[in-house]
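Two chains, two frames, a set of hints: combine them into the complex.
Listed below are the residues making up each chain.
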Amino acid sequence: MIIPIPDLAPAATELFLLAAACTVLLIDLFIRDERRWITQVLAQLVLAGCAVILIATASSGTAFTFSVMFIDDPLADALKLMIIVAVSMLLVYSRRYLADRGMYRGEFFTLTLFSVLGMMVMVSANHFITLYLGLELLSLSLYAMIALQRDSAVATEAAMKYFILGALASGMLLYGMSMVYGATGTLQIGDIAAMIARGEGSRTVLVFGLVFIVAGLGFKLGVVPFHMWVPDVYHGAPTAVTLLISSAPKIAAFAFFMRILGEALGGLAADWRSMLVVMAVLSLALGNIAAIAQTNLKRMLAYSSISHMGFLLLGFLAGNAFGFAAAMFYVAVYVLMNLGTFGMILLLARSGFEADQLDDYRGLARRAPWQAFLMLLLMFSMAGLPPMVGFYAKLTVLSAVVDIGLVWLAVFAVMMSLVGAFYYLRIVKLMYFDEPVDTVPFTATADARVLMTMNGLAVLALGLLPQPLMAWCLLAIERSM
Amino acid sequence: MNFQAVVFFTFAAVLVLSALRVITARNPVHAALFLVLSFASAAGLWLLLHAEFLAITLILVYVGAVMVLFLFVIMMLDINVDRLREGFWNILPVALPVAVLLLGVMGATLMGPYFGLSLRPPPPEVAEGYSNTRAIGMVLYTEYLYPFELAAVILLVAIVAAIALTLRARKNTRSIDPAVQVAATREGRVRLVSMRSEPKGVSAPPPDAGQDEPPQQK
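The listed protein sequences derive, respectively, from chains B and X.
The numbering used here puts the first residue of the first sequence at 1, with every later residue one more than the last.
The numbering used here puts the first residue of the second sequence at 1, with every later residue one more than the last.
Some clues are possibly wrong.
Claimed, not checked - Rough simulated footprint, nothing fancy, chain B against chain X, three-plus residues with beta-carbon under 8 Å:
hint, region
1, 102-115
2, 145-155
What the hints assert, rightly or not - Far from chain X, by Cβ distances over 10 Å, these chain B residues were calculated:
hint, residue
3, Ser59
4, Glu263
5, Phe373
Derived by calculation from the structure, the hints in this document are not laboratory data.
Note that the structure is a prediction, hence the values are computed from the model and not measured.
By construction, the Cβ of each residue, glycine as well, lies at the ideal position given by its N, Cα and C atoms.
The shape of chain X in the complex, shown without the other chains (with noise of 0.2 Å):
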């Protein structure tokens, strides 16, 4: 066994007790950390491919961004892990079987000798000074042009969507409008009112007495 296999079992071993948790760890955080651990893994397993710029996207986009993002959401909501479990073991008997069934199946196909070293050897060793994000980028903005467009249409609708669905407006909003400020008058804002002189001697109305008649707003 070679450094390469170690490394290998190492990170697969790691993905997959992680994913693993990921199902089946009782507080929704430490699913989403899990999830962050296989990431990080996956990204260890494509390093050994010879994908550099893919693993290290792998961690920028999605081990930096989109879990911690997801990781506010899950703190911002909160979730009821025990009312989500409700149900479980009633359907435990039908879903077992089925899980049983699918993992033999698929452990007969992808672990027979379909899927070997002997079919798919690693990758070839590459030349001095060979960029693997230079390949990918010389691709992607030629023969992979189109669904690389494609791919920003769907990003354009995911705004609209998420700004159709959010943005309304509320009645008790104590927003401003600039158009409606920038119109105002003086007239508008100040009174002039003409009041008889109040005679000298005169004790001061009580604090009180202005509770009586707030003061006029326009």
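So that you can see chain B by itself, here it is in the shape it has in the complex (with noise of 0.2 Å):
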């Protein structure tokens, strides 16, 4: 029998990616240590290569391929190209911090790369079962990079805990999703849709299934009362890899809200809307008041993550196209915002010191007043202040929160992030008015700097003008619904 090939065309980007990616890892092991450069180099090359052929293929219709299992649709190709973006800024901006720590080494760029392809297919499924592998690659991707600084206990510790409760909210994930296969007899999204759609298959077993996809989703996500993990693994991880696993995996998570909730359970929006408000609620309360007592910086982003998540459930759960891009702009800005607190401390983390303490901050300005300057944009744009983009994200995911009636959940959150804009500015003030305790000069590399120039300046010209983002995302969204 002949068997018909697949039209490999929709997926031309992850198929780069995947060769490119096993090319470097064989390229690698001939280079020597003191020339590993090179694999830096080959991974930019290849994530600038996706790049390309993103663009070069993105159309704005909708493609399937491989039996329907695999949808590029305009929805797809944003989010693939914002993490790829996403993914090589961090490459820049780790580079001196590995090379300080020893973890300098090819898999950590290898990992990288098929991490980078594992948030591709988890984007661009169309199918329950391409989901949660694509979901798998990428975790199984960064538990192994969080625990290859393996000299480091805390590191270990934090990667045993990511691995045990990440294959916990696998099986609640995966046992959800036999009940919507039970349920409706199928796990194609487009096909789940059209028979909620239609009122077949029994409605108790698949709001029995959401329940399980929903704790699942919130345990990737890191939202409360799933957020036990985030502050450990945020802590314990070498803070390249937790600017990895705090960047671009969001924008996979929304991705994967999309497909399951946005599009094959959207029939059932009335069902998880009030499970995301609950979520959302918790989160913005505790990620905003645990942050207070935090006295290291990377803990306190995690709890910041925590609370900048929950507003994510907020744009997501007003289940229109006009919260759903509020949501994917807020995660665009939460990404960039996040890229740049991180990459700071990665910039002034040296040899033996991790940078990581609110009191290592303390007179940064006198030390480095344009980095100082830099990290008060980006404070005030966490903390949703004018003109900063923060803020614009915000107010979108708030007006389409009042939209469908919500008030009080939008006066909430208001007051939350109220309490939330006390420990960024805390920041600030131990930037600009506290003596320095740290005397050491300022030694990043020039490619570092000034991608941390742009970084924080890009959250003020897009607080200036959020426009073409938000109607950038806006687009994406209305061309794949």
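Written out as structure tokens, the structure reads:
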């Protein structure tokens, strides 16, 4: 018999990335330790190649391939581009940090590339099995990267916690998916949506499965009450890996929410909305209040990420195109701010000094005035002060919530972000009004400094001109729904 | 109650009881062996559903390979179970109501009218010469090609991760670098020393004299 060859064109980016990642894996074996930068340059070139292919093959329509398990729509293209940009920025920021800690090895770059592949598979999945496999590919790479610093007991503990809780979350997700399969008899996202729209399949079983799916997704996104791993993992992992965990995978998690809740189970919006409301309220409250008590910047940012993910859920639970676009805008902005903040920790760190205590930032304005100013922009943006982009992101999400009539939720979110402003502004106070305790001059590589400047100024520029990015998000969502 | 129902309930009861013992057994080796038993019962249930290939794969892969490795690992690690169980009674007052509530909700859904035999009839009888393996192979490499390849990539990442986490150059290793070995020259190994010949009649040095001057090594 003749087996038809699937149409490979829509998946060109993934195929290129897989082939290139395997090639980098092989080439790296022949590179000596002192020339490890070649691997990094290759990894950056692979990511650039992916971006070029992505832009060249982008279309405004939707294409399916691999027996309708793979979807290529404008939403997928937009999210993949964000992931690629975020990861290549991360590689620039983390170069010296890794070299100082003996982690500048080929595996870091190949595992990063494979995690990007996993994220892309998640973003483009149109089938529960491919969604799950993409998630596992991403998670497995991340577990290994956290543990890559083998001599650090904290990093090993963080990897172990992440691994066990991640496996638990995967189990919940799979159980929920199996219930949806039991109710509908299919795992194809479009088919499930069509069956729910026709009213087929038992609603009780579907909602029962939905509970487990939402719990699993909550674990992966790190929202209360499934947040226990976030502070320990962010704190324990090497900062470069923390940056990877806290940036690009959030975009993939947004895609996961979109595909499962937005598209497949969109007919059950009334049921998942109430669950997301509870999770969002708890995340906003716990994230912002617990962050105040932290003395470690990485831990503080972990709690801050919990509250930001609560905001993301706010946009998502609106359940309409504007709400989804607001959530997408929010996740893009969050990743940009997060890259800048963790990037600054990476730039300030040096051999034997992690720069992750709040006290390390005392008097930074005198040691490195420009970097302190960029950090100030980032902190203002995280706190949501105008004219930074963080303000506009929060505003869009809140207007989406008000549109569906949940005014109390918007008021609560505003109050909680006021609480949150305290700990962001505390860093600004430490940098500008305290005496420096650390007198070692600021030594970061030129490429990282330039990128940090662009990153910090982008937060300001996007805040002044947010419309193009927002319009882009809205267009991507509308064309894909 | 026909024969199939008897077989089903036997396997199902063994499965549930052995799964329960996996988490309650004191000895980790016993827990692993109960997991083997639960896998075997699950395989029996799959056989009832005409999924012969999956049932045999479960036995071969999980029972035959994965669990045996698992047992090796458990026996090599000295796990102190009593230390792991510390705090169990403290969390029980919170955990028990949650577990009972979850069990109740799950029972109400799964044992209710939604999963009865009328909704999910047993699989139809297959024709003579039907091969379950062939049927799975046909869809695995065509319709499910993409997930199949993704699973392969996940295995590749697992290999890379395992090697990256365990391979390290030990300082006190006694391994030999073949390149250095091949590059050895005669001059590097043997040193010709010109020595004055000893006069006749002098007794040989005491046997422990050599300890003061260890033999020269290159």
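For the region 145-155 of chain X, count the residues whose Cβ lies under 8 Å from any Cβ of chain B; is that count three or more?
Per the Cβ count (7), the hint holds.
Reported absence of Ser59/B from the contact zone with chain X (all CB gaps over 10 Å):
holds, 20 Å
Nearest-CB test (10 Å) between chain X and Phe373/B:
Holds: least Cβ distance 39 Å, greater than 10 Å.
If you look at each residue in the region 102-115 of chain X, do at least three have a Cβ nearer than 8 Å to any Cβ of chain B?
holds (count 6)
Glu263/B: least C-beta distance to chain X exceeds 10 Å?
holds, 18 Å
Taken one by one, the earlier hints all hold for this structure without exception.
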